[in-house]
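Student: Here is how the chains run, residue by residue.
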Amino acid sequence: MIVNESVLSLGISLIALFFAGFLATKVNQSLTAVFIVVGMILQNFFPVTIITEFIATLGIIFMLFMFGLEFSVGSLVNNQRKIFFNGVYDLLFNFPLGMFLGWILGYDLIQTLLFAGIIYVTSSVIVAKSIIDLKRSANPETEYILNILIFEDMFIAAFLACIVGVVNYGHIDTKGMLLVMLKTAAFFLFFIILSRTAKKIIDKVVDIEHTELFIILILSIIVLSAGAASQIGLSEAIGAFLAGLLLSETRQRHRISEAIKPFQQFSTAIFFVTFGMSIDYKHAGSLIPIGIFIFVVSSFSKVFGGYFVGKKYALSKRACLRLGFSLIPRGEFSIILAGTIAMNTNVPYPVKSLTGVYVLLSAILGSILMKESDWFVKNFFESKGKEFQPLGRHSAKD
Amino acid sequence: MSEIKESELPGIGKKFTLELDSGDKLVVVIHSSGEREVFKFIKDNDEPASVTTLADEEARQIGAILSGTYFQPVIEEAQKLTMKNATMEWIKIAPDSALANKRIEELDIRKKTGVSITTIIRGESVIPNPHSGEIIKPQDTIIIIGGNDQIKNFISTFEIKHRLENDRQ
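Which chain is which? The protein sequence lines are A and B, in order.
Under my numbering, think of the first position of the first sequence as 1, with each following residue one higher.
Under my numbering, think of the first position of the second sequence as 1, with each following residue one higher.
Keep in mind that the hints are not guaranteed to be accurate.
In silico lysine-lysine, DSS-like type, Cα no more than 27 Å apart, as pairs [to be verified]: (1) B:K14 with A:K311; (2) A:K371 with B:K14; (3) B:K40 with A:K82; (4) B:K14 with A:K312; (5) A:K317 with B:K43; (6) A:K129 with B:K111; (7) B:K111 with A:K312; (8) B:K137 with A:K378; (9) B:K43 with A:K312; (10) B:K40 with A:K371; (11) B:K40 with A:K312; (12) A:K371 with B:K15; (13) B:K152 with A:K129; (14) B:K40 with A:K378; (15) A:K317 with B:K40; (16) B:K14 with A:K261; (17) B:K15 with A:K317; (18) B:K152 with A:K199; (19) B:K111 with A:K261; (20) A:K129 with A:K378; (21) B:K111 with A:K311; (22) B:K112 with A:K129; (23) B:K137 with A:K311; (24) A:K312 with B:K5; (25) B:K152 with B:K111.
To be clear, the hints were calculated from the coordinates, so they are not data collected in a lab.
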């Protein structure tokens, strides 16, 4: 009766997700964080089953695919200088810090690198949503925030490919690193050449009227790309990401997005729950002080990095700080990094529970800090007496 | 004409910035969802003083109004100038009207009053520059043009009771 039980537990997970998510949207909280909490609670009632594990794997694949599909290649090409310089700035401020923290925690080199990635990457989902909710999309700092996010996401996609390659290889040495880099580069190159040369053919191939066949074809492209990546020792996620990029320039892009979105939303939710379920409950409690420490330190470095990017473009002090504060929330990508590695069963990583605690803190507190950045500016950085009440403060209170 | 700056907001949509003569800035953000937001930034301030959110349909209506498709004050002025000494009248033909069921040529309107019939509106159809053989029917609306005196003359000659409000006023 194993099938029935796992189906039932999946059902219970879903209804729990619904209620928790419903409450979360009422108080405007990130769904990612809430789903992880649901998973942490549910682990007391039933274990992760083969079914949920499988759906969670699909969750990563679909998420990366959608991410590739909606990736704005146009703005990357148009603003490449700005994106590159601001992105590198942000990288230099935050990635080495993560490595330093990993070293303090006594991790080995692979774990340290992984941890640096987890600390470094801001959640573009949470930040973009908050920007819209807080009515900041027209603010001067917003463009710079989004530029940094593009760079981060791209960097992390490549980073994910490499780190999973390294983990699958087993250990770090020059030969192994070189091999992984070479494989990753070859895989990327293959997709880039494909999208350049076969653009028209791909456009024709995916132009299928029949709804069912259309979905099956798209799914096959996604899963085949993910499988191919996995076959040569890279992350499945990166295969899906490149498939998304490949299809993002077709005329069917919108239709593909509509068709895959339900799959993605369902499987990603299960992925977060599964991740939450794998966080050791009692162990996580003792990690909270370290989590808070890391959160505070890494938030400072994000705010400072963002502040200097803003200063470079002569934004006002307020705008600079808003820019910095907007980079604090971490979310889906940190979880993906920790989750993908953790699914590799021959390498048990202590990083995972800590990532869980860290992402919960930064997703929840980060979006609050984003809202209240003006309060910080007022109380810590400006002399009192300026009376202008910005709009963001009002809508934040509703 | 002011320059409109266009920039991409990846993951959100597109942003258009218009610097006004007053120094204030008007920013329109078109979200990928079709929703539009209009922000106003007071001079030298980097936080919006107001924001208006419009659905796709609402934005189109406002757009039409702003572009002058609904109402154009400047052109109205020009029309008054050229029409200084001439008037157009919309006249509904009653069944008992002296004009009803008569050919235009047999009414001899131009010779008697100086007024010309420019258009006959019959139900859904419009007959511009009607032929002199055209018969005016009850329930038609005719549009006539002439000097103010000529129009007065026309109205008294044919005992018109049903003058329509001029659309333009």
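Student: Run every hint past the structure and note whether it holds.
Tutor: Hints and how they fare:
1. B:K14 with A:K311: Between B:K14 and A:K311 the Cα gap is close to 24 Å, so the pair holds against 27 Å.
2. A:K371 with B:K14: 23 Å, holds
3. B:K40 with A:K82: 26 Å, holds
4. B:K14 with A:K312: 23 Å, holds
5. A:K317 with B:K43: 16 Å, holds
6. A:K129 with B:K111: Violated. A:K129 to B:K111 sits at ~74 Å, over the 27 Å cutoff.
7. B:K111 with A:K312: Violated. B:K111 to A:K312 sits at ~81 Å, over the 27 Å cutoff.
8. B:K137 with A:K378: 77 Å, violated
9. B:K43 with A:K312: Holds, because 21 Å separates the two Cα atoms, which is no more than 27 Å.
10. B:K40 with A:K371: Given pair B:K40, A:K371 holds - Cα atoms ~20 Å apart, limit 27 Å.
11. B:K40 with A:K312: At roughly 25 Å apart (the allowed maximum being 27 Å), A:K312 and B:K40 satisfy the hint.
12. A:K371 with B:K15: 22 Å, holds
13. B:K152 with A:K129: Cα-Cα ~67 Å, so violated.
14. B:K40 with A:K378: Given pair B:K40, A:K378 holds - Cα atoms ~23 Å apart, limit 27 Å.
15. A:K317 with B:K40: Between A:K317 and B:K40 the Cα gap is close to 20 Å, so the pair holds against 27 Å.
16. B:K14 with A:K261: Between B:K14 and A:K261 the Cα gap is close to 22 Å, so the pair holds against 27 Å.
17. B:K15 with A:K317: 23 Å, holds
18. B:K152 with A:K199: 73 Å, violated
19. B:K111 with A:K261: Distance ~75 Å between B:K111 and A:K261 Cα, so the pair is violated.
20. A:K129 with A:K378: With a Cα-Cα distance of about 24 Å, the restraint between A:K129 and A:K378 holds, given a limit of 27 Å.
21. B:K111 with A:K311: 81 Å, violated
22. B:K112 with A:K129: 75 Å, violated
23. B:K137 with A:K311: Cα-Cα ~77 Å, so violated.
24. A:K312 with B:K5: It holds: about 20 Å lies between the C-alpha atoms, which stays within 27 Å.
25. B:K152 with B:K111: 15 Å, holds
Violated hints, in rising order: 6, 7, 8, 13, 18, 19, 21, 22, 23; the structure is consistent with all others.
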